[in-house]
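Residue numbers (my numbering), protein chains in the order written: chain A, 1 to 146; chain B, 1 to 416.
Worth flagging that the hints you see were computed from the coordinates, not collected in a lab.
In this text, all values refer to a predicted model and were calculated from it rather than measured experimentally.
Idealized CB from N, CA, C, for every residue including glycine.
Hints are not guaranteed to be accurate.
[Stated by the list, open to error] Now the in silico label distances, taken between C-beta atoms and shown as ranges:
| id | chain 1 | residue 1 | chain 2 | residue 2 | range |
| --- | --- | --- | --- | --- | --- |
| 1 | A | His27 | B | Ala338 | 25 to 31 Å |
| 2 | B | Gly163 | A | Val89 | 29 to 35 Å |
| 3 | A | Ser45 | B | Lys305 | 43 to 49 Å |
| 4 | B | Gln307 | A | Arg99 | 42 to 48 Å |
[To be verified] A few chain A residues facing chain B, derived, Cβ under 10 Å:
| id | residue |
| --- | --- |
| 5 | Ala38 |
| 6 | Val40 |
| 7 | Ile117 |
| 8 | Glu127 |
| 9 | Pro133 |
| 10 | Arg135 |
[Said to hold, decoys possible] Going by beta-carbon spacing under 7 Å, a handful of chain A positions derived as facing chain B:
| id | residue |
| --- | --- |
| 11 | Arg36 |
| 12 | Pro138 |
| 13 | Gly139 |
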Amino acid sequence: MKSLLAAVAAGVFSGGSWAGLGAAPGHWPAQAAAARSATVSTGSSSFTVVQHQLDSGTLVQEFVDGSGMVFAVSWSGPFLPDLKELLGVHFDAMAAQGRNQGAQHSRLAVQGSDAVIVSTGHMGGFEGRAWLPSRLPPGFDVRAMP
Amino acid sequence: MSFLTASLRSPSAPSSLLARTLALLFAIAALLALSSCGGGGSGSPAADMTAASPVPPPPPESGNVLPITVDRGTNGASVNVPFVSVVVCEPGTDNCRTVDHVLVDTASDGLRLTPSALAGLSLPVVTSAAGAAVGECAQFATGRAWGSVRRADVRLAGERANGAPVQIAADPDALFAAVPDACSRTGAQISLGAGSNGILGVGMLTRDCGSACVSSTAPGLYYGCAPAGCTAITLPLASQVANPVSLFAADNNGIAITLPGVPLGGVPTLSGSLVFGIDTQANNQLGLATVFKVNGAGNFTTTYKGQTFTSSFIDSGSNAIFFSDASLPVCSGFYCPATPLTLSAVNTSATGVTGTVDFIVESLPSVGSAAAAHLAGDIGLARSFDWGLPFFFGRTVFVAMAGASTSKGAGPFWAY
Numbered sequence: 001m002k003s004l005l006a007a008v009a010a011g012v013f014s015g016g017s018w019a020g021l022g023a024a025p026g027h028w029p030a031q032a033a034a035a036r037s038a039t040v041s042t043g044s045s046s047f048t049v050v051q052h053q054l055d056s057g058t059l060v061q062e063f064v065d066g067s068g069m070v071f072a073v074s075w076s077g078p079f080l081p082d083l084k085e086l087l088g089v090h091f092d093a094m095a096a097q098g099r100n101q102g103a104q105h106s107r108l109a110v111q112g113s114d115a116v117i118v119s120t121g122h123m124g125g126f127e128g129r130a131w132l133p134s135r136l137p138p139g140f141d142v143r144a145m146p
Numbered sequence: 001m002s003f004l005t006a007s008l009r010s011p012s013a014p015s016s017l018l019a020r021t022l023a024l025l026f027a028i029a030a031l032l033a034l035s036s037c038g039g040g041g042s043g044s045p046a047a048d049m050t051a052a053s054p055v056p057p058p059p060p061e062s063g064n065v066l067p068i069t070v071d072r073g074t075n076g077a078s079v080n081v082p083f084v085s086v087v088v089c090e091p092g093t094d095n096c097r098t099v100d101h102v103l104v105d106t107a108s109d110g111l112r113l114t115p116s117a118l119a120g121l122s123l124p125v126v127t128s129a130a131g132a133a134v135g136e137c138a139q140f141a142t143g144r145a146w147g148s149v150r151r152a153d154v155r156l157a158g159e160r161a162n163g164a165p166v167q168i169a170a171d172p173d174a175l176f177a178a179v180p181d182a183c184s185r186t187g188a189q190i191s192l193g194a195g196s197n198g199i200l201g202v203g204m205l206t207r208d209c210g211s212a213c214v215s216s217t218a219p220g221l222y223y224g225c226a227p228a229g230c231t232a233i234t235l236p237l238a239s240q241v242a243n244p245v246s247l248f249a250a251d252n253n254g255i256a257i258t259l260p261g262v263p264l265g266g267v268p269t270l271s272g273s274l275v276f277g278i279d280t281q282a283n284n285q286l287g288l289a290t291v292f293k294v295n296g297a298g299n300f301t302t303t304y305k306g307q308t309f310t311s312s313f314i315d316s317g318s319n320a321i322f323f324s325d326a327s328l329p330v331c332s333g334f335y336c337p338a339t340p341l342t343l344s345a346v347n348t349s350a351t352g353v354t355g356t357v358d359f360i361v362e363s364l365p366s367v368g369s370a371a372a373a374h375l376a377g378d379i380g381l382a383r384s385f386d387w388g389l390p391f392f393f394g395r396t397v398f399v400a401m402a403g404a405s406t407s408k409g410a411g412p413f414w415a416y
């Protein structure tokens, strides 16, 4: 498993141009006020949380495993972040679901086998989480994501 | 009520006679619950709620009352979507269009319409300080609405929002043909035309962005558009898309939505009222309604089965009550209990005021083709609780806008 992850990560990095969920952390504006990272341990595994407070007031977080791959992301705040940067190749799945919502504009859920994406909220207060079920470190609880 | 709930959850419960008895008990329990939580000064609809009564005619349109109809929508597939008709006119003229099936949305702010609803109407585009045509990338949890910002005289019942900046989503004007890259990166274009002709956002904000867009382009909402393309701009409040209620000469501090109770099994249509103003007329008094102030993000807290949801909000534009309960079965995105459940939660305001809410959950298949029914679904997030349209059944819910002055203090707040 470890070598497979490393291989995937190497492929990601050699590609170089894309980022986000399932790849390397995204590129966020340099003026983003506070970029902080912290290492979290969950029993046998550990991961890194990279946090950006955007100028819009919205907080984005990327959860990065030991190979450098983002396995989960979250956003919370008054305005939507650059979700393509945050979700990477999985942005298209959210967009496809978004086109299929009819008159429903306050809740979106993608329950894919490769990625789960949930977005909710209202003008002035948006919340979202996305994760790769097969890439979660042991003991990582998606329900407890901040 | 707790006895009833326990009985319904018992795996040995359902026999057909028992199920019918329970259904009757539920209808009675629902009536009792509704009559006990009515009380808002603008008149509880509880007395009108009888399980078998015919659908009442829509209330008449008058000064500050706009009729709401919950029906199957323009595509025949809507469930729990409250619609109103709005009149949109070229500024200063009587050249108007009546746009039916506009979604009443307490989770957004501003009037957004599809171009097809305004055929033949010429609305002037709002311009930036530099003289560019203003476009907007309005944000929703499910995506964005790209379009122009234009001025219109908006007539809602007897109220007037003259010269109101409104959004024309997917405006066919060539100036707005290309979606700015930063806008497209927030999501897909939402479908204003799927089931509805637009959205009437009557939430807590007077403008859909506010001061953040006056001083910064970071929110990514407003653009100045010229033939060469659109670039992000700052925009004064007066040019931002407005919650039209805030522009009324009177009755401009908020709204109340009143819907009658809904029996088990749902109803084919439902008629209610969107009332403008709070404590400004005899029909919009807060009375005994409890005020729930919100935090800086516009949320309060809901506690359900011992779990605390800190991002809780009330949304007439959500067609179900959305929250997470892993113990409930899910079918096609909605909870589908074998028999109706009565559940309970406690809302806590940002200032610590609490109130219990009992609500019913039925399965979508059991309500057939009803336009209004007690539906709930999984929101998929651990800290969010979305009180969708079923919360409004049998209630009057007030939305006091930011800065509003009322008999029970300043907005923003919910009251019910």
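Hint check results:
1. The supplied range of 25 to 31 Å is broken by A:His27 and B:Ala338, whose beta-carbon atoms lie about 50 Å from each other.
2. The supplied range of 29 to 35 Å is broken by B:Gly163 and A:Val89, whose beta-carbon atoms lie about 45 Å from each other.
3. Checked against the hint of 43 to 49 Å, the pair A:Ser45 and B:Lys305 fails, with Cβ atoms roughly 30 Å apart.
4. For the pair B:Gln307 and A:Arg99, the beta carbons lie near 32 Å from each other, so the given range of 42 to 48 Å is not met.
5. The restraint placing A:Ala38 at the interface with chain B is violated, with a minimum CB-CB distance near 20 Å, outside the 10 Å limit.
6. Checking A:Val40 against chain B by beta carbon gives a least distance of about 17 Å; that is not within 10 Å, so the hint is violated.
7. The restraint placing A:Ile117 at the interface with chain B holds, with a minimum CB-CB distance near 9 Å, inside the 10 Å limit.
8. For the restraint placing A:Glu127 at the interface with chain B, the shortest Cβ-Cβ distance is roughly 6 Å, inside the 10 Å limit, so the hint holds.
9. Nearest Cβ of chain B to the Cβ of A:Pro133: about 13 Å, over the 10 Å cut. The hint is violated.
10. Against a cut-off of 10 Å between C-beta atoms, the interface hint on A:Arg135 is violated, since the closest Cβ of chain B lies about 18 Å away.
11. The restraint placing A:Arg36 at the interface with chain B is violated, with a minimum CB-CB distance near 19 Å, outside the 7 Å limit.
12. Below 7 Å, beta-carbon pairs count as interface contacts, and A:Pro138 has none with chain B, the closest being about 19 Å; its hint is therefore violated.
13. At about 16 Å, the closest approach between the beta carbon of A:Gly139 and any beta carbon in chain B exceeds 7 Å, and the interface hint on this residue is violated.
Violated hints for the displayed structure, listed by number in ascending order: 1, 2, 3, 4, 5, 6, 9, 10, 11, 12 and 13.
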